[in-house]
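There are 4 protein chains.
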Amino acid sequence: MSAAEKWVYDNSRPTALTVPGRVFRAVHHLVLVSGVGAMVLATHEPVAAAHATLLALAFNVALGFFAVEYVVRLYAAAASLSAEPTHPWTARWEWATSLNGLIDLAAVLPFVLAGLLAWNPATINLFAIVWVLKLFRYSPGSGMLQRVLRDARESLFSVFVAFIVVLLVAATLMHVFEGPGQPKLYGSIPAALWWGITTLTTTGYGDVVPVSPLGRLVAGMVMICGIAVFALWAGILANAFANEVRRREFLRNWDLITKVPFFRDLGAATIADIAQILKPQAVEKGRTIIRRGDPGDCMFFIVSGEVEVRLAPEPRRLGPGGFFGEIALITGEPRSATAVAAKETQLLVLDIADFRQLTARRPELANVVTEEGLRRMERVRQSRGGGQ
Amino acid sequence: MSAAEKWVYDNSRPTALTVPGRVFRAVHHLVLVSGVGAMVLATHEPVAAAHATLLALAFNVALGFFAVEYVVRLYAAAASLSAEPTHPWTARWEWATSLNGLIDLAAVLPFVLAGLLAWNPATINLFAIVWVLKLFRYSPGSGMLQRVLRDARESLFSVFVAFIVVLLVAATLMHVFEGPGQPKLYGSIPAALWWGITTLTTTGYGDVVPVSPLGRLVAGMVMICGIAVFALWAGILANAFANEVRRREFLRNWDLITKVPFFRDLGAATIADIAQILKPQAVEKGRTIIRRGDPGDCMFFIVSGEVEVRLAPEPRRLGPGGFFGEIALITGEPRSATAVAAKETQLLVLDIADFRQLTARRPELANVVTEEGLRRMERVRQSRGGGQ
Amino acid sequence: MSAAEKWVYDNSRPTALTVPGRVFRAVHHLVLVSGVGAMVLATHEPVAAAHATLLALAFNVALGFFAVEYVVRLYAAAASLSAEPTHPWTARWEWATSLNGLIDLAAVLPFVLAGLLAWNPATINLFAIVWVLKLFRYSPGSGMLQRVLRDARESLFSVFVAFIVVLLVAATLMHVFEGPGQPKLYGSIPAALWWGITTLTTTGYGDVVPVSPLGRLVAGMVMICGIAVFALWAGILANAFANEVRRREFLRNWDLITKVPFFRDLGAATIADIAQILKPQAVEKGRTIIRRGDPGDCMFFIVSGEVEVRLAPEPRRLGPGGFFGEIALITGEPRSATAVAAKETQLLVLDIADFRQLTARRPELANVVTEEGLRRMERVRQSRGGGQ
Amino acid sequence: MSAAEKWVYDNSRPTALTVPGRVFRAVHHLVLVSGVGAMVLATHEPVAAAHATLLALAFNVALGFFAVEYVVRLYAAAASLSAEPTHPWTARWEWATSLNGLIDLAAVLPFVLAGLLAWNPATINLFAIVWVLKLFRYSPGSGMLQRVLRDARESLFSVFVAFIVVLLVAATLMHVFEGPGQPKLYGSIPAALWWGITTLTTTGYGDVVPVSPLGRLVAGMVMICGIAVFALWAGILANAFANEVRRREFLRNWDLITKVPFFRDLGAATIADIAQILKPQAVEKGRTIIRRGDPGDCMFFIVSGEVEVRLAPEPRRLGPGGFFGEIALITGEPRSATAVAAKETQLLVLDIADFRQLTARRPELANVVTEEGLRRMERVRQSRGGGQ
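Quick mapping for you: the protein sequence lines, in order, are chains A, B, C and D.
Under the working numbering, the residue at position 237 of the first sequence is numbered 237, and the numbers go up by one with no gaps.
Offset between the second sequence (1-based) and the working numbering: plus 388.
Offset between the third sequence (1-based) and the working numbering: plus 776.
Offset between the fourth sequence (1-based) and the working numbering: plus 1164.
Isolated chain A, as found in the complex (with noise of 0.2 Å):
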């Protein structure tokens, strides 16, 4: 792979942090945002008639766009991270036949047909609701959304498949019972199909509702249904989240922790510990972090960059593996001095509740911060007393 495809590959990724990556996300979504607008706009008559240019120029801006950007990705997919060493065409290929490829693809390739085969452009255009798709790369919990869906698939499918069999029953029903009354509305169970669905999701749009007692009776029941279908699927899905939140904040505080070394001393049960109960806080440079006087409620550790603590002397600076914010939580007094970012920075936090609970769980862990956290509570006095 050369170099140059390495960096388009490192900056298109939907994570990227470098400035290329994201100036490259904000045009990206601003052309994707413009392009489906002119397109939706293009639609309304009066719009369209008064802006024509305009929609036309920020469509064919979007669709050029795309189309660049499917050949660039599908050159730049052969540094795709891969320890074998593949034909870049061969990497090339898998991309395009991922769904993020084909993704890609359908966004542009209507619209290349349609100039080959000379289709009508205003049905066309229509295609560009594709496009909308492509914002499911930067979604940032759509892979969690994903992982949620596919471990409660079977619970979700069952539900779903009472869900159509009441349908199917419902409507055979309401045929028997309603269709001698309204036999335009209910004469056929396609038909009577159409006011299942809109009763068991409780939407009820109204324009077929039944008449005879026996037909509304068999309506409050399946209106009874939809209400525990949608309590189902909550229960469900409920479930699922606790457990996917849960492994995804463990595995990134993880990752985070053993990057510190002031944990990485800690034996393996304590770092399993304290990953499920930090919070990670990524933080500018020259952000104040916790100011003097505020109420204390969390502690911070620091992963990566550097902290200014402004004590009365001097100011001191906290590197990675270092933290502050200690002494609130020991004293239950306001903070006793304000901290600032110096550099971007990485930084743990523990709340105050988890702070309790984690030193009462693991005193060797409580017994460092605390005698940390009393040695400079000494230390900020004498300078005071000092500096009186």
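In short, the hints are calculated from the structure, not lab data.
The beta carbon of each residue, even a glycine, is placed where N, CA and C say it ideally should be.
Check the hints yourself; a few may be wrong.
Stated by the list, open to error - Covered stretches of chain A, as calculated for chain D (at least 3 residues, CB under 8 Å):
| # | stretch |
| --- | --- |
| 1 | 172-181 |
| 2 | 201-213 |
| 3 | 331-345 |
Starting from the known structure of chain A, arrange chains B, C and D on it as the hints suggest.
Chains B, C and D in isolation, oriented as in the chain A frame:
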């Protein structure tokens, strides 16, 4: 900061328990409800005509009240919690630019501007709807709600992106399938979007309804997606709520527990354990806490205040750190004595289920409580024997 | 208190398991359903005309029954659980002013007043709807529901405040945006509130629908808020329910377990552990509990009653404290014998999943059960060997 | 029981993994879908007229298939699992009176009766809707759904009672408030009940809408109760689902784990611990399980079958009890080798998050896995050194 500033600041906090604080809150809420009510009713012709003077009075009283409140709060903001000596106007500016300060300003400013610029009063009065936002400051769980939404924002946002994508795709499809048949309702994608949102949220007004088979198929799938969105959000929030509730109760209890001498002597591990299960309960002076003969399903620890236990020979008084109600849990019989709050009292309640689990897990705690319970039972038995 | 009072009191409790108690409940429910049914049907002209006498009879029988019930319950209230000697009329007054007493009074009083004051009987009969409230006394989980709502009331109320705020703001905005176009439907804020509540709850009757673009935008956002309200309430209640269910089952099991000699000898920690996983099951006399050859997915402990295990040479009887069904869990094979309840029997069921986890956690318990299981298997094998 | 009975019985079970079992299921589902589809389409005039013969064919094939299926299943029921020697017809009678047996009978009987009694065929064909109930036997999670509903039935029923009470009270109030103004829609309580159920379930057809201020107030409260019912059911079911999913996975894993020699040597406590976190995965022969260079987020244990790990000098084969994929978890680097299923293989997957927590909690297990991992890495390094 002056004493006056401090007094006003302390009494105007939403959680102030002082008499002036309570009176202020009552008046504030009354004025708010009557002011908003007057504005709402003034838009209803018959009422507005019949009670014009009364409505104007209620409205203007509220407006005046909020104007004065704004000035007073701005003045008192100088006393806001801060250990660092800052200029009073720095603190005031901070409050004025905080969310609460801006809401309080928005509650008054439009009317001042309207007076200066001679705007139409009927229209300008509608701005009074901003007043209801002042309620959030007093809503007990709104801080919790904010934390929950913040913790789960990534997942919630992912579902929202999926919501928007489904909405756009569905509207485009309906524009294609239903547009030719119902050009007025589905003739443009923006028009079809209105159908989409009423369907995807399962609201189903019924003003725009598909009639073609393909359109109905898409509609059915959109409704099912609507259920899924409900269910996903419910699942995400259920999980985030469980975590936040646990955190909040733990912190509240920890603060209370560490005030009780009885608990302070226990190790940190036991306190952290107990703090997860006790429930706080505030009792007014003179209120009966337990009544002799009632079934007993909990015991009590006293944080502050005083409780009179009405035993046979003479009542006994228990102060902070004392506990009562344990006998019924040990014997399983009804309450053997009545207990009344002799002062305003703060209690911690230990439910019978938690009592059983806790004593199993923490024998040292169980011993203290059980021995005291047995001693008391013995004493009651003796005094009864002697009294007969 | 007299013996008659006590007898009536005990048999009229909603959970009485005696024969008179069961008969009373059956009659009560029958009378209630037929009385309410008669009232409901009497408002439907055709039925009322055709069966006037029958409906009047059912209605009046119910009214008479509830009048007698009120007097009897008042009389028997003197026997309500109380260790302190109080005057019978004090206890009766307490019952009369309790929620149940007031509902029972409200079920009768309107009709007495109507008779005295010669009110219009057709209207007064509608008061019979109060009778359905009597059902709450018998609803098994209604106490639980109350605890859940009480525990979560703060969070639920916060969401409700947000609901009201969104409702008021949305109605004001719609009054501004839609009022000029649809003065009849959105001409005043109270009128717009009707639209607001049907939309925010996603009911969507469709009698009031926005038509302006801005109005539809607001409507779309209101619908999404409606989903969020659903989701927040569901999330809050899911959490509160989980806690309450755990508490209830623990207490129910603790009461049963401590009656079993086998468990009483175990330490408190083991009992507290077991009480979280056993499930109670009441079996009528003569009912088969397990059948030879069925797959075995649980074992049983006997709390009270007697069970006959039909072994090959001669059946064996097990009394309180005995256990059976453990062999299938140990061997993984189908049930080796049939077990039938020889008397009305109360069992505690240990699911196979919990059996595996419990025996891993509590080896001392596992040993007792496993050794007895092996001994029994040996005995069965010998007897079979001898029988051939 | 005969061998033929046994063969039919084993292959007709819904979970049979044999080839005849799979073929039978595929044919069964195809026949079912085409039969029900034919019945549904036959009620739609245009299709029925155009394809009468085809529809009749599909319908009658399905009917014949189910008739034969009933007879065969009845015959094979003699082989149902039972250790006790019973008469074949006793077992057959048991099956015929079970739920599945009754559904299978109801799928055929109406048509037999219709033939004998010369009923109207158009009407009788609608009974084919019973056929969809046969799907429940094959729905993987339907047993789980049943357990969940059974476990939570008490709470669900309480909410349902509250639902009915609100419905009745609301209908009576609306009859009073709206009856005079809209006598046709609210003139009787049964009529008002129809409004009630469409509103309480938030379906909101809009065919019956309150117009009086009091009526709308009641309607608003009913809608809010509707949300609460949704939320309560969702909360109850979320909780019950979480418990049931945990139970099911534990049992499934326990069965698999105890087949693996590697795990059998660990203590019961470790097995119970592991059984809660492993996820089973079945892999077809020849399928790639992990690919060299992919990021590694889990390791695998082999329950049955064989896996080929493609290492540099020569591939190695791992059989039941072996594990692989642990190196990437230890080093945090991409997969160092590709692994392919050499036979149909049953795996247990250990997620990286669980791996970290498990190794912290169970050092003895961690040691075994880590030592083997290090040994393998050493070997790979040597072979690579030698190969170059």
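Exercise. Which numbered hints are broken by the structure, listed smallest first?
Worked result: The structure breaks only hint 3.
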